[in-house]
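Trainee: Below are the chains, spelled out letter by letter.
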Amino acid sequence: MEALNSLLQGFSVALSFTNIALMFAGVILGVIIGVLPGLGGANGVAILLPLTFSMAQTPGGQTSAIILLSCIYWGALFGGAITSILFNIPGEPWSVATTFDGYPLAQKGRAGTALTAAFTSSFVGAAVGVIVITFLSPIVAEFALEFGPPEFFGVYLLTFCAFVGMSKEAPFKTIVAMMLGFALAAVGTDTVTGTLRLTFGTATLLTGFDFLVAVIGLFGIGEILLTLEEGLEFKGASARINVKVVFETWRELPRYWITSLRSATIGCFMGIVPGGATPASFMSYGTAMRFSKDGEKFGSGVVEGVVAPETAAHAAGTSALLPMLTLGVPGSPTAAVLLGGLLIWGLEPGPLLFVEQKNFVWGLIASMYLGNVAGLIVVLTCVPLFAAILRIPFSVIAPIIIVICAIGSYTVHNATFDIYMMVVFGIIGYLFKKVRYPLAPLVLAVVLGDRAEASFRQAMLMSHGDMSIFFSNKLVGGLTSLALILLFWPMASGAVALLRNRLRRE
Amino acid sequence: MSEANDKRAALGEKTAELVIAGFTFVLGAIVAFDSWRLGARWVEDGPQTGYFPFYVGLIICFASIVNFVTALLAGKKGRAFVKVGQLKLVLSVLVPSAVYVGLVGWLGIYVPSILYIASFMLWLGKYPWWKALLVSVGTSVFFYSVFELWFQVPLPKGPIESLLGIA
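Residue numbers (the numbering used here), protein chains in the order written: chain A, 1 to 506; chain B, 507 to 673.
Okay, chain A solo, but in the shape it has when bound:
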């Protein structure tokens, strides 16, 4: 009940004229970002973050700033579906699974149905995610108030081990990517002792690498280079949604309620445990295919095949904010960028946020409800407009996007050096993507590196260098054990499969 009261108060914060205007502006910007190649949730938010620096200094401005940025995120989640269905190009990694059935549907001339199904299921997924956040986050936050440095390090360890265990990429590639992130985070002045680390005598590296620049380079420039390989032109189905199609689709959708429910559950789980939206969408597509009556028709253009991944991706994308707000551990790269925003605005994410910044937290949660309604309205009415953006030839849009990325990197610290770094990160992002090194753990490690290190050192100081502190009580012991299980999960499951094969042969 307390959650409901707080939520009502949140609505009173979020329902101001400015905030609603920002919501629509954010969603529209977000959809455009989601549709454009090279711009996505994470780097879109990263580029626009510097614009909120001055906004966040006014009273109540932090709430407005987070509403703007989170709505860009919702918009980007919606936008990914448009390109997948109409152009067979996933605008975002989590909409890859949407292309499997969305594009065949569009080719059959049922683009409107596919889009309506995608948007509606996105909305349903997000709604489930927000409800989970509303009721679960105060409990998690209260629980986490008791956490000390060892427990926090346990949570960080769990986060990073989950990446290794759940990633579909090779575990050692995930480890390399993640540890490179930690190494990048360590560059610059050591916050504890003030010593310079890994700067190699250069003054430009004194402040270290900014994760925003890394995000813009890795995801922005890297993505554009990858898109380029496919050529300079996009060919897509035409898009028009009329009211009749919308209502027909809405009448059809309740049939797939089990799929929706299952997908939303998978999504919420994968979002909170930092698996992320992308694996959630694939998992949900896979399970839907296995359990559905029309399982063998999947891939030829069935509505259910659009419902499953979209519901899961949005549920995961939304619930990824739960650990970010309550523990200060983001569940996805975009959540990591939002977390970086909170830090820059002078807010400390974590359990204390729910005690000290009630208006901010609940204003944000209320805005998630409203933002997704705004998103659904915007995408359903403006699809042709957004699809038209994709018809702008790449030779015009690509240089403009690169200019936007350069401006975004510069404005983080007003440093030209950051623009050079952006290009370097872009090349790294392109190469890593091509040989399938995951980028999400790298970004998360850059964001969390300093905090993870600080909690590790504090824990070590408490125990005078004795590692057994990470098993000193039930809570931290449980976290550490769970982390280790997840870390060795790929190895264990590989061994089990090998054993089973051998037994079968005998």
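Among the hints, a few may not be true.
Unchecked claim - Okay, the calculated beta carbon distance ranges per label pair:
hint	chain 1	residue 1	chain 2	residue 2	range
1	B	Leu655	A	Leu385	22 to 32 Å
2	A	Thr287	B	Phe539	43 to 53 Å
3	B	Gly528	A	Phe200	16 to 26 Å
4	B	Lys594	A	Pro393	43 to 53 Å
5	A	Thr189	B	Gly528	26 to 36 Å
Stated by the list, open to error - The calculated DSBU-like cross-link candidates involving lysine-lysine, where the alpha carbons are at most 30 Å apart (straight line), are:
hint	chain 1	residue 1	chain 2	residue 2
6	B	Lys594	A	Lys434
7	B	Lys589	B	Lys632
8	A	Lys297	A	Lys168
9	B	Lys513	A	Lys168
10	A	Lys297	A	Lys244
11	A	Lys168	B	Lys632
12	A	Lys297	A	Lys108
13	B	Lys594	A	Lys433
14	B	Lys520	A	Lys168
15	A	Lys434	B	Lys520
16	A	Lys434	B	Lys589
17	B	Lys513	A	Lys433
Honestly, the hints are just simulated from the structure, not real lab data.
Since the model is a prediction, treat every value here as computed from it, not as a measurement.
In this text, a Cβ means the ideal position worked out from N, Cα and C, and glycines have one as well.
Let chain A serve as the given structure and place chain B on it in line with the hints.
Mentor: Showing chain B alone in chain A's frame:
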């Protein structure tokens, strides 16, 4: 003839995997060495500065070796990492972008942006010059109004802006 040439692999996937694993190993080694130099041991008052990054560096090295060996044994020799045609396209964007970024440090952001967008449209897009001019100048004016006038975020400016008196 050139069509077939474009489909040829410029670099094999296996080679790329090996090179990248080697690259990450070197990075890891640099991190570990520099941390060791700063002190990565346990002293009276707690862990030294290099304590945490030292182990990070070691893990990078170890995991890189595993990746290197895995790629060596996998034997996906035939697959292309990037085809010649793709590489041409990628470089045709990457090289001008590097030049553009280099110019920003010297001329500010607006003039290089105009040159960059316009040359991109002229050469890759084969647009008539007036369209290229319109789009490129329009974009710079748009960013100027959004950043400098609306949000009051200063962007880098060079000698040409100071000549015009807007720096």
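Trainee: Hints first: check each against the structure and report whether it holds.
Mentor: Structure-based check of all given hints:
no., hint, result
1, Leu655(B) to Leu385(A): 22 to 32 Å, "26 Å, holds"
2, Thr287(A) to Phe539(B): 43 to 53 Å, "47 Å, holds"
3, Gly528(B) to Phe200(A): 16 to 26 Å, "20 Å, holds"
4, Lys594(B) to Pro393(A): 43 to 53 Å, "18 Å, violated"
5, Thr189(A) to Gly528(B): 26 to 36 Å, "30 Å, holds"
6, Lys594(B) to Lys434(A), "16 Å, holds"
7, Lys589(B) to Lys632(B), "24 Å, holds"
8, Lys297(A) to Lys168(A), "25 Å, holds"
9, Lys513(B) to Lys168(A), "29 Å, holds"
10, Lys297(A) to Lys244(A), "25 Å, holds"
11, Lys168(A) to Lys632(B), "41 Å, violated"
12, Lys297(A) to Lys108(A), "14 Å, holds"
13, Lys594(B) to Lys433(A), "18 Å, holds"
14, Lys520(B) to Lys168(A), "20 Å, holds"
15, Lys434(A) to Lys520(B), "12 Å, holds"
16, Lys434(A) to Lys589(B), "12 Å, holds"
17, Lys513(B) to Lys433(A), "21 Å, holds"
Violated hints, listed in ascending order, are 4 and 11; each of the other numbered hints is respected by the structure.
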